[in-house]
Amino acid sequence: MIHHMKETTAYVAVGFEQEIEKAKNCSKSVEQGFELLDVRVINVGAQRFCCPEVLFKPSSVGKEATGIHELTYNSIMRCDADIRKDLFTTIVLSGGSTMFPGMAKHVSKDITSLALSHTKIKVIAPPERTYSTLTGGSILASLSHFLQAAIDLASAVKASLNSAFGNFSFSGFSQIGGGIG
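Residues in the sequence shown are numbered consecutively from 1, following the UniProt record's numbering.
Because the hints were derived from the structure by calculation, they are not lab data. Just so it is clear, the structure is predicted and the values come from calculations on it, not from any experiment. Treat the hints with care, as some may be off.
Derived lysine to any residue pairs resembling SDA-like cross-links, with alpha carbons at most 20 Å apart [to be verified]:
hint	residue 1	residue 2
1	Lys-109	Lys-28
2	Lys-28	Asn-43
3	Lys-6	Ile-20
Computed beta-carbon distance windows for the label pairs [said to hold, decoys possible]:
hint	residue 1	residue 2	range
4	Ser-59	Gln-18	35 to 45 Å
5	Gln-148	Gln-18	48 to 58 Å
6	Ser-144	Val-54	18 to 28 Å
7	Thr-133	Ser-59	39 to 49 Å
8	Cys-26	Ala-115	17 to 27 Å
Glycine included, C-beta positions come from ideal geometry on N, C-alpha and C.
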């Protein structure tokens, strides 16, 4: 029920502060009715845009995390300088939480505010993005050379532990986590 309410009523406010003021001055302007299973209708107000805003400002709910626009910007800036232009012009949204109306504009606006003034930003929001990661994973797994490039979970865990702890021997832990070591 909550999932359906999110999908049908929520949106990303491109100008969050202005939307808050709009809601304070006239809450009816942001309200939308939502029909419950028992046919009662409830009005959903500022929650419609406050909930998705957490993706941009996790601190608003007490999380010490970086917003998706900053994560995206920082990821691009960690790449080689010669490919950043291409990355900034091909930012592709994927996943169900990117389906909110206004998401692409908000991401674009916020990344533009972080980037140099001459940097062109293009955010792509494919209509089928809810399942983009599943589709991409399926395509990748179907490629003939995928199995040669893939590693099993135990090898991934071992590599991760070795990366974190250097040459420390994990042979004594061979029965933990499916046999690392």
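Here is how each hint holds up against the structure:
1. Lys-109 with Lys-28: 27 Å, violated
2. Lys-28 with Asn-43: OK: Lys-28 and Asn-43 at ~9 Å, within 20 Å.
3. Lys-6 with Ile-20: Given pair Lys-6, Ile-20 holds - Cα atoms ~18 Å apart, limit 20 Å.
4. Ser-59 with Gln-18: 35 to 45 Å: 20 Å Cβ-Cβ, so the 35 to 45 Å window is violated.
5. Gln-148 with Gln-18: 48 to 58 Å: At roughly 53 Å between Cβ atoms, Gln-18 and Gln-148 fall inside 48 to 58 Å, so the hint holds.
6. Ser-144 with Val-54: 18 to 28 Å: 42 Å, violated
7. Thr-133 with Ser-59: 39 to 49 Å: Given range 39 to 49 Å: violated, Cβ gap about 26 Å.
8. Cys-26 with Ala-115: 17 to 27 Å: Check failed, 35 Å falls outside 17 to 27 Å.
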